[in-house]
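**Student:** Respectively, the protein sequence lines represent chains A and B. Under the numbering used here, read the first sequence as residues 1 to 430, first letter to last. Under the numbering used here, read the second sequence as residues 1 to 430, first letter to last.
Careful, some of the hints might be misleading.
Remember, identical chains collapse to one label, so a pair may be satisfied in a single copy or spanning two.
[As the list claims (entries may be wrong)] Cut-off 16 Å, straight-line C-alpha distance, at most; resulting in silico cross-link-like pairs (EDC-like, lysine to aspartate or glutamate):
id, residue 1, residue 2
1, Lys270, Glu349
2, Lys285, Asp295
3, Lys100, Glu365
4, Lys100, Asp386
Since the hints were made in silico from the structure, they are not lab data. Owing to the predicted nature of the structure, the values given are computational and were not obtained by experimental measurement.
Protein chains: 2
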Amino acid sequence: MKTAYIENISDYSGKEVKIRGWLYNKRTSGKLWFILVRDGTGIIQAVVSKADVDEDSFNMCDILTQESSLTIIGTVNPDRRAPGGYEIQAKKIEIIQIAKDYPITPKEHGTTFLMDHRHLWLRSTRQYAILRIRQEIIKACRNFLDERGFILLDTPIFTPAACEGTTTLFETDYFGSKVYLTQSGQLYNEACAMAFGKVYCFGPTFRAEKSKTRRHLTEFWMIEPEAAFFDLDDNMDLAEDMVIYVVQQVLKNKSKELKTIERDTTNLEKVSKPFPRITYDEAVKILHDKGVDFDWGNDFGGADETIISKHFEKPVIIHRFPSEMKAFYMKRDPENEKLSLGCDLFAPEGYGEIIGGGQREENLEIVEKRIKEFNLPRDAFEWYIDLRKYGTVPHSGFGMGIERVVSWICKLSHVRETIPFPRMLYRVTP
Amino acid sequence: MKTAYIENISDYSGKEVKIRGWLYNKRTSGKLWFILVRDGTGIIQAVVSKADVDEDSFNMCDILTQESSLTIIGTVNPDRRAPGGYEIQAKKIEIIQIAKDYPITPKEHGTTFLMDHRHLWLRSTRQYAILRIRQEIIKACRNFLDERGFILLDTPIFTPAACEGTTTLFETDYFGSKVYLTQSGQLYNEACAMAFGKVYCFGPTFRAEKSKTRRHLTEFWMIEPEAAFFDLDDNMDLAEDMVIYVVQQVLKNKSKELKTIERDTTNLEKVSKPFPRITYDEAVKILHDKGVDFDWGNDFGGADETIISKHFEKPVIIHRFPSEMKAFYMKRDPENEKLSLGCDLFAPEGYGEIIGGGQREENLEIVEKRIKEFNLPRDAFEWYIDLRKYGTVPHSGFGMGIERVVSWICKLSHVRETIPFPRMLYRVTP
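With the rest of the complex left out, here is chain A:
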């Protein structure tokens, strides 16, 4: 007899199958048991009638507890009232293990309790749906870049030099010398872009930030495209197209999951070309108009991002930031030295920054000067300087934080639910 997965159950209509999984819920009317079984691919109801099964199987229904593992043999019947359109008329039930006192019950639990039981919490319908949406988002990002000819090149996690100061870096002993865990693959991406034209990296990145906000994880996944000959406008176009593609793929392929988590998709459906593009100055004006006390030259804080983000229905791109606040590699605006050609993309509905990037400085002398001005160890950047010596070209790129995108698309109140095992200031377990 065929073992079937619930997601493919329609292939077995009228046939006898074996389903293996876990008890999700059950109820009885005396002569009938209604057993909800999940197998990781879906949930299906099995109807256990005293008339159809042996006595053992029927009695087992009584002792089955939430998350007990079991096998059900039965016939697949179409049923319009069933969520997936089918139910199982059970013929036999075999218990693999009775789960005693499963800690997560239908009652409300506190966040700390649930996070302590993250390894089990993943089985809950809501977490299950969120992480399936995460998978779709990741797949969409990859497909988007692959289809546009970007080459995936994995940049290193162990990096010898600190790109933007050492205060937020995790450090490790590397056979007697100090190395840091990457915060971004960008500098290496730039080397790859000079060899492969259009490239991207996609991996975990690390920030030892003592932030305890709904937007921060110490370990998070970032996808970072970088392209030779792209200027700021090309970069903003790419970011816009990628965000639109990702949202469309989720709407198309994960509508069931969006429904499960009760995501109102009205705003997601509005994510279309063109996104508003405003300068940093214009963003500051929005804050001032709303009475926010904000000094020109500062970086936007979480609260500022929320306000700017809520001002627009669609994602908004902010460009041309004060040069002072940006990294050494950022190209200055040829029309105004005080501005740099950076661009951030803020998700709507108050979510704020999901993308940061810009055009890189390609001029050898300027890069050398900046490394000095920023007091960076020239030795460690010699290879990076080489990229400006040997056939330098204009180029741009950005990084998109996956967890923040998941958080926005699922409309979550905290990034901790966007990844199977989140790592935060006070949490590295389980």
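Fit chain B to the known structure of chain A by using the hints.
**Tutor:** This is chain B only, laid out in the frame that chain A set:
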């Protein structure tokens, strides 16, 4: 005028285009210059005739050096002799930057020199081809598992507990406490498999091994599927199917790159079902028959792997290892307690292990006993034990090391060329 990428040049036959890239090579016949340009997507020849271009453009050809960046405007003409089937009749050449004394020349360089210049070495035809094959391998792995309904769930890099001893772990300070960089996502995968049925993780893993062999990196990428209800045979079937799929995709989509690196594909074409499956005992017999001094109960060393691997034309799966040499979570063979249900897959042509995995012990009492026997801190494994308490089921999985697969498929002499920026015992730069 359209800026064209060389990989799409056939779309522009007869049309005028702009190509942006780097000088790869050049030669002259006096009145003509033949300029080879690479743009990251391919290489094309531009013919620069004194009669067709302005004097400046023609003279520029004289000063152009290897890796100088430039723009060429010209007409795309079909040419049967050209490698890509087209060449450019140049109309105008603009230099972006002249590269002075590019360090990598057509002459032979030593490995240390090339590794020190890895950021530039990536531009060489051979490295370029290898890394494009790497991308195809990664894509094939993902597609294979996605199509079979495996859900990607990223497991954490920061882990509080050491799974197989701390001697080969990288350690980092995590806001005052000690955490380790993951060696494998397996334990977390097991939690995910109980929630999602079939899952995989795919990310960097770390081993602080003081090995200086052609098979070892300290930072390497691993893809790890794990499936509920899979037994050892299902696991071996999955590994076999995945390896076949990956090889076929590379043969189909990267034939040009395989040619570039002069890979004889005869052996790759033989990678088909079924792979020989032998027990550990049978593998030991092969070694003994070849006169190797090998004690039953030991793990195979690099030299042993090479010998066993060379004994077969196809990849070979070795299963049922002595329990003593395997980890605490490995299920014992019900028919012989001395053996565990592990399975390794060795690539042919002497490459050895590319996959390691097996069936996991699902019994609560046995897992608890093993954790004690292995002197592991029970506290740190409490969550893992939970997986055996609440609906435990048989399950299996494996890990495949991407760099070793690339090394085999490209027939390289060392894994250092399989990843853009390799990390080894004596190398964390550039």
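**Student:** Indicate, hint by hint, whether the structure satisfies it.
**Tutor:** Do the hints match the structure? See the list:
Taking the shortest alpha-carbon separations for Lys270 and Glu349, only the intra-copy value of 12 Å comes in at or below 16 Å, while the best inter-copy value is 55 Å. Taking CA atoms no more than 16 Å apart as the test, Lys285 paired with Asp295 passes inside one copy only; the shortest distance there is 11 Å, against 76 Å between copies. Taking the shortest alpha-carbon separations for Lys100 and Glu365, only the inter-copy value of 15 Å comes in at or below 16 Å, while the best intra-copy value is 69 Å. Only between protomers do Lys100 and Asp386 lie at most 16 Å apart by alpha-carbon distance; the minimum there is 11 Å, versus 63 Å within a single protomer.
In summary, the structure agrees with every hint in the numbered list given earlier.
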